[in-house]
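A.B. asks: Please take these sequences and the hints and turn them into a complete structure.
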Amino acid sequence: MTQADLYTVAGGVLFTIGLYGLITRPHLLYKVLALNVASGGVFMVFVGVARRVPGPAPDPLPHAMVLTGIVVTVSSTAYALALAKRIFTETGMATLDSADTMEGGEDAAE
Amino acid sequence: MAEPELRSPLAVRAAALAISGGVGALLIRALLVLPKDEAGLAPLVKANLDASGVKNPVTAVLLNFRGYDTMLEIAVLVLATIGVLSLTIAHSDKWPTVAEHAAPALSALARFLAPAMVLVSGYLLWAGEHAPGGAFQAGSVLGAAGILLALSGYARPAGMTGFALRAAITVGFIVFLAAAIGDMLIEGALLEYPADHAKTIMLAIEAWLTVSIAVILASLFISSASPVEELRRRIRGGR
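Going down the list, the protein sequences come from chains A and B. So that you can map any letter, position 14 of the first sequence is 14 in the working numbering, and since no number is skipped, the others follow by simple counting. In the working numbering, each residue's number is its place in the second sequence (first place is 1) plus 1000.
Derived by calculation from the structure, the hints in this document are not laboratory data. What you are looking at is a predicted structure, and each value in this text was computed from that prediction instead of being measured. A virtual CB, placed ideally from N, CA and C, is assigned to each residue, including glycine.
From chain A, some residues computed to sit far from chain B (all C-beta separations above 10 Å):
no., residue
1, Gln3
2, Leu33
3, Leu35
4, Gly40
5, Phe43
6, Val47
Okay, the calculated bits of chain A under chain B, using three or more residues with CB under 8 Å as the criterion:
no., stretch
7, 22-28
8, 71-85
C.D. replies: Put into structure tokens, the structure is as follows:
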């Protein structure tokens, strides 16, 4: 197993951890964090894959994709956080539990 | 107000472990059987680097070979920012207060650092032509300077609301789109830069992208940074 493979596998493991967190954590802040862990895994996969090419220079194409991916992750995280905060502001709940949303929904509709 | 559950029931966790474990195992297996020493598209990038107008292959991919992706990505950034702004500060023309007043040491440090960060950002933008760097790195540093100033109690740009803010957020995408359409009219294909002016056009796009990315990142942070009570008050007040 080469060093590049190590990065690729570690990226896959990170993605798996993020996916597990996304499913099991009801709190929205944890879900956003889990998404970030998963995207970190995707970036590491790309960095590892870029190293597969022969020669000293890595493949520039995956690098460009990671670069744009990071910026998109930042903006989607900010949007997700703004949504979560708005949900908390309106309902007093930081989860998407149906019962909670129903209660809060009536409250906010006053 | 009930404390939200931090963990799911055991059955859900077991199912999630099975699903994510299965997906992860398949993913890692698929990644490991990828062919080794496969050159991919790297030789193609190398062969066409001279025609791209820049010497850094990553910049050539971002702004030239796959310029379409980068343009749509800026569109995503602009949309996300419009979304965040409409969820937070749209009801008022005032910026939320991030820090009332900063400690003297932080405020003095910010005064020293901010001009240096602007300089580094300009360097990164220029260096992107031949070395690691470019609009994204430059924009991130510039945006970080804005966040640092906000945290130090400085940035309350009274003029940066309404039209000026929206113009700064969208200018990068608009310039990119204008360049793409201009290329289509002159060269007959979207983002097919005229060979003699490729470098100039890419630098112009990147310069405006830097401005937009910096304002986008800073406003994403600043507009989300207000306490929930303030947000609640502002929403109620706007109705």
